[in-house]
Amino acid sequence: MYGLGIIKGLGVTLKHFFMTYWDDLKRLVKGNRYYTREGVAYRMSSEVNGLFTIQYPEEKLIVPEEFRYTPFLVYDEKEDGGKELRCTSCGICAKVCPPQCIWIVRTMDPNTGRPIPVPAEFYIDIDICMNCGLCAEFCPFDAIKMDHNFELSVYNRHEKDIVNKETLAKPASYYASIRPVNYAREQAARAEAESARAARKAQS
Amino acid sequence: MSDQTLTQEKTPLEARFQGAVLRDDRKGYQGFIIKAENLVEIATYIRDEMGYDFLSSVTGVDYLPEGKMEVVYHVYKTTGGSLFNFKVQVSRDNPVVPSLVPVWPGANFQEREAWDLLGIRFEGHPDLRRILMWEGFDGHPLRKDWREAYYEEEGKPFKSRWPEGHVKRVEDAKPLSDNVDFPAGFDPEKWIPVVETALYAGFGKLDNMEDETGLEVDNIVINLGPQHPSTHGVFRMVARLQGETVMDLKPVMGYLHRNHEKIGERNTFLQNIPYTDRLDYFCSMTNNWGYVMAVEKLMGIKVPERAEYIRVMMAELTRINNHVSNIGFLLNDLGAYFTPILYCFEERELILDIFEAVAGSRMMCNYYRFGGVARDLPEGILEKTRQLVYERFPRKIDELDAYLTNNEIIRTRTEGVGVLTPQQAIAYSAVGPLLRASGVPYDIRRADPYGIYDRLDFDVAVRYHGDVFDRYMIRLDEIRQSIRILQQVVKEIPEGPIQEGKPQYQARVPAGESYGRVEGPKGELGYYVISNGKPNPWRYHVRAPSFINLTALADMSKGNKIADAVCILGSIDIVLGEVDR
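Protein chains in written order, with our numbering: chain F, 1 to 204; chain E, 1 to 581.
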């Protein structure tokens, strides 16, 4: 019969339509098909036959750990409440950045004229940043990392396009909360480096 | 790389053309240098006697310090094997090279690009006009002495960033009103725009006439694009129509040209990797792989096992992603407005979730590095891929097949439309599904294997009619083969390191040239990289499959209706990021 292919095709789409509501009914008792993390995970799984849509902004997908948006500088909180930026202004991130969107000025000790490993100025141009993550990947001090926040829309174009050191600085606890696996691995590496250094000192 | 360079005896080519063919013995280079006068004769010999019937890439290089311009050709045999490379060198002041379009018609667009971007004139080319820049542009952008509008320094990293950074943007430092250079004698107040006379003149005289049935038809020239919902980006086709039948069609591209190759010369080798993501923005993983492979050939480093498996896994997921999207887009062009494309995008979303978890970004993955991959797979990704590949994808692809393939509308509109014969496909340097749907079973993963493809068990999909329907079917076939490859990879992936040596941000690349090519979802994606030992490449060229596949568009569309031209363009599968670079 001419037209059988079209009718079978329409049958498939109709099946998708009904299966979405059937999936809804199945979860009606459990009650968490929408607006909860389990609901979202279920709707994305292989068992579901109907359609799934994430109801942004009421539901937001939790971005995976490796997700990279704009960079931020990590500071360690000291016991007396002070902030110690891990950045030593070595400049590797500025050199490795593909669109060259990082500007760094090193602090000079006024007495000796030698550089102090603390940045005096640190600017990133968010408009140019490609979100490639190379700065975070090659920083030897784990000082710059990629943030997860992607909701950066503003009404004024030039308000937040160039961010300075103060805006970029975020605590290490925030870094641990968004990237727990990476944080744990880096802390373990630091602890190992510390104990190796202590062992060498004890030997000599 | 070429089998001829293994021995130092005279090869048959050198013996036959004494004096006109010299071995290229610069350090790190391969192939032969041919004299420009004998080029067409020797090229015909290479094509007919030596059997290299497929021209892969034609590109120009500007050697400013030596005062020479070079045109590099890469050819291969459709029966398989590695590339054969030969070059022509001419002086930089008046570079004229005989055109190889009579020998390999696929050189058409690439020679126009070398004329446009480097100023090398090709004698005998049927239509030597600018292709990526507009008519009336002054200068040749890829020449080493040409500076772009916001030029800062010769190569990155720029010294103005560190240690005395002090943020200042180039646009503020050099506002365009003061920094623009006009050609001598040009007055912007008195200029009347140049109409594209050369383009429209190529169509010939247009008169109203009567067709076979005695109906009076209009001969008109219309522009499809660049703003058009069905041209897959900013792409323009100028079609001469007789009634509704296409008599001739000329593609006009360059609306997305970003001079990626010149940016590549300013970048360091590592910094180029994120830029390659943005070429064919649907398939960032395979783009990365081609570039990284070219540079690894120069550096001579080997990739660890686990990294090889991860690379193949990402590449095959990209292939599924691209083919499924392309089926969706083709159906969009046919008029099935949005249902098939959204079903296909459902699968694409799940693959992009995997990319996000592994590489950090859905489309601009920046995942491959010289010597391996950037990061290891996180917890749970292998399990997720296993579920997708064993359970969800086979079911969904069968569903797609079930509801699209036997649809009478699709069959009537696509069977017999846009036929490309195998001889035409090889002559026009068509690659990828376009070539394989015309009956030529050439797939780089089998013909010239890279990575671990020689160990994996899969078939090369091929179809024999060469029409739009076969190109749709072959993409379904290739998705099924990719699922098969993924099932093997997911089972056999070993533990181990994922990068050779410590990650370096300053890659030390020895001098030389290399051509790395991968079988991307659109076809053969090749990267020609020349290094002179410095941190930045000397020349960086991308052999874009979508760009060269468009050479066949005109021939495929002649005789079909205008609505079919849109459908044929959809079946070639172009992405403007790659066409224009």
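The reader is advised that the hints may include incorrect statements.
Chain F stretches covered by chain E per the calculated footprint, using a threshold of three residues with CB under 8 Å from any CB of chain E [what the hints assert, rightly or not]:
(1) 58-68
(2) 86-94
(3) 99-110
(4) 142-153
It is worth saying that the hints were derived from the structure and are not from the lab. As the structure is a computational prediction, the values presented were derived from the model and not from experiment. Note that the Cβ used here is the ideal one computed from N, Cα and C, for glycine as well.
Status of each hint after checking the structure:
no. : hint    : result
1   : 58-68   : holds (count 6)
2   : 86-94   : holds (count 4)
3   : 99-110  : holds (count 6)
4   : 142-153 : violated (count 1)
The structure does not agree with numbered hint 4 stated previously, though it agrees with all others.
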